[in-house]
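Model the placement of chain B on the given structure of chain A, informed by the hints.
Protein chains in written order, with the numbering used here: chain A, 1 to 403; chain B, 1001 to 1401.
Since the hints were derived computationally from the structure, they do not count as laboratory data. Because the structure is a prediction, the values reported are computed rather than measured. Ideal Cβ positions, reconstructed from N, Cα and C, are used throughout, including at glycine. Incorrect hints may have been included.
[What the hints assert, rightly or not] Sample of chain A residues facing chain B (criterion: CB under 7 Å; computed from the structure):
| id | residue |
| --- | --- |
| 1 | Pro-60 |
| 2 | Tyr-180 |
| 3 | His-188 |
| 4 | Leu-214 |
| 5 | Val-263 |
| 6 | Leu-352 |
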Amino acid sequence: MSALDHLTVLDFSHLLAGPLATQMMGDLGADIIKVERVGEGDLYRRLPPFFNTRINGESPHFLAWNRNKRSLALDLKSAEARKIILEMAGKVDVVVENFRPGVMERLGLGYEHLAAVNPAIVYCSSSGYGASGPMSSRPGQDLLLQGISGFMSVTGSKDGRPTPLGISLADQLCSYHIVYAVLAALIHRMKTGRGQRIEVDMLRACLAHQGQELLFALTLGKSFERPASGIAHPGMPAPFGVYRTADGWMTISMNPVDRLAEVLDLPELASCSAQRLWDERDQVHALIEEKTATATTTHWVESLLAAGLWAGEINSLQDVASLEQAEHLGAFASYEHPTAGTVRTVNIPVDLSETPGEIRRPAPRVGEHSREVLAAFGFDDEAVGAWIEAGVVGDLEGHSTQT
Amino acid sequence: MNQALEGVRILDFSHLLQGPFATQMLGDMGADVVKIERAGSGDMFRGMTFFAKWVGGSESPNFLAWNRNKRSIALNLKSRKVHAIIMEMAKSADVVVQNFRPGVLAKLGYGYDDFKAVNPRIIYCSGSGYGEEGPYVDRPGQDMLIQGLAGVVANTGRGDQAPVPAGAGLADQIGAMNMVYGILSALYWRERTGKGQKIEVNLLAGMLAHLNQEYVAVLNLGEDFVRPNSGIGHPGMQAPFGIYETADKGYVSIAMSPFKTLYTVLEAPQLAPYDDLETLFSKRDEVFDKVNAETKRFGTEDLLARLLAADIWCAEVKDIRRAAEDPQVTHMGMITSYDHPRGGNVKVVAPAVRMSETPARIERPAPLVGQHGREILAEFGFSSAEIAALEADGDMTVDEA
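One chain only, chain A, in its complex shape (with noise of 0.2 Å):
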């Protein structure tokens, strides 16, 4: 039993941030339907992928965002794939979408065209910046909106330039928000039987995302300064931050200093009142320092903690993926995906007693469902056919002769 099962999402949704909630519908239960151009499909399939490496062929972004899905390849562009959709509209609950801003109302698959066939469909659109304004028709990728948002400002440190995270932030945040709106929207269905539009985008989530950077900076008028050292955070006082072992780096959380001055055997850091922690914090952190490259990760994690403080390791990729505590909570899984072989992923990170999420299927391939689910809506073999040899749909013998 799944919590969303019954319910069937239209998802026109490419590259991350559309993709990433469609998925975590997808993997409590809700029948994500993914509408692919013909022939290429999702364009994240093509992106250069990290390292310039595919997986068999397979782009391993395309790969972590897409399992639980069935691939529906169709040219959006024809009067007949147009027909398809609106018809398929009357039987589905939601539909997600996030092409630039007026992309879908060209094509007359706006709200307004889908919401004249079912009046209670949830339709939700996401953007780079919003759907109008003075912004909205820049691209919006990852990259750049973690540049807008002010998210770079605040992360590293005040020498060396701006620096994203090594993650694709923006996108995953505006992802959640598509997922805390779309499942409100449908609670409020449920009571009332009324659809409705959302409207997400990537700035906002990521504003959002800041609520108390912004808060200060705005009420208090004061604009954060990264710090000159291994300060983790540019509000943040001493000890707040990143420190070199003998061995490597490890990370120390706020913690009260005297204490944390008797683990180091520091009596000097003992005395630093709150606002030295403050003013001085680049020397303070030096001064720890000093004392933690003396010894090994292993060596200071494990003392500050036998002693009740906050201190952790930094771990690489591979590190975590042999990481006890991540095994423990089996947060790693794979699957087997026809191309790409047996798969490696992160599992859903959400345990729910009664409806647990699910692997039920791997990433699709461009078109892989097509005629499975077009049966599944009604439309008869003969028709499908027609339409595959017009190149209205595609199906797998499609995307082969593509790639």
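Quick look at chain B alone, frame taken from chain A:
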């Protein structure tokens, strides 16, 4: 106007960031969030701030940021009388949220089974650092520690520098979003089946889920990320993806873009020999330096205008205050304010989603400790004599503006 979660009542035992951000998102959509705080001192986050400065001289910006749209009741959870009161309240509640360390709340008689016994429809959501059992169960579950453990810190910044954590409570915030995801899915299922359930989320698993594309690459290709020694923006990416300097000491971000278009706009045909994917990856630091030498010849505005006209994916890099003044941010009405009895006029970020029928709204500022205790207990049917006795015993405190 309607709100999507009107009629949903939440007993919120959570504190610090993860739980409060989650319940604030539910409150923004209309849920009635009853924040249960420690009598007297309240949520620990009230004592935390940046720069050792306070809003209105006394209020924590961190607390104000994640606790609007809630009412506060301040209770002594160790008192038997209070336990009986909360169990009475639970009969008409829909959701319980908590993020104490594993086992702490259950020991006080507020575990899932305790609530389920009085209300089988209840949805009980626990957030923790590392899950509720396992080798790390007793470790501190603070945000930066988990960013480090999950791999994001090691994956950020330059190869010749220390690892870099995010300048935001990222692990906590993602944990919050997972709470929202789990709770709303469970509410949806309960509407259909009438059944409640227990939800567990933890910061470590949540952080890993956000690194899925990095993990799918590393685990399946057997190669770990090595951070670039230049301003390339991600250890798995090839040039030109990164942050570039401009003539006026500004920065411009350039994402995946056709390299030929880029060097043409930069009037730098000498970069042509680098234009194949293999080279753009293997010589990314060298390419970065060469492109950076070209971007430095242009002012930020001029460079952006040229690149955007050629449909290169690029943007400004703004600091927090400039981001708030951004014309697009203003256009979307994303910065708003509320009046707080002690903090005064507090500027805050508005809810991030727009819903045509059931818009999110800010109805209340963050509460004072126990500010609404009397009102809440009266609504749940307790008499004024009972309420007064509770206060007299010190089992409930009320801070009125």
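Here's how the hints hold up against the structure:
A hinted interface residue such as Pro-60(A) counts as satisfied when its beta carbon comes closer than 7 Å to some beta carbon of chain B; here the least separation is about 4 Å, so the hint holds. Look at Tyr-180(A): its Cβ gets to within about 5 Å of chain B, closer than 7 Å, so that hint holds up. For the restraint placing His-188(A) at the interface with chain B, the shortest Cβ-Cβ distance is roughly 4 Å, inside the 7 Å limit, so the hint holds. Taken as an interface hint, Leu-214(A) checks out: its beta carbon lies about 5 Å from the nearest beta carbon of chain B, inside 7 Å.
Interface restraint check: Val-263(A) against chain B, minimum CB-CB distance 14 Å, threshold 7 Å, status violated. Below 7 Å, beta-carbon pairs count as interface contacts, and Leu-352(A) has one with chain B at about 5 Å; its hint therefore holds.
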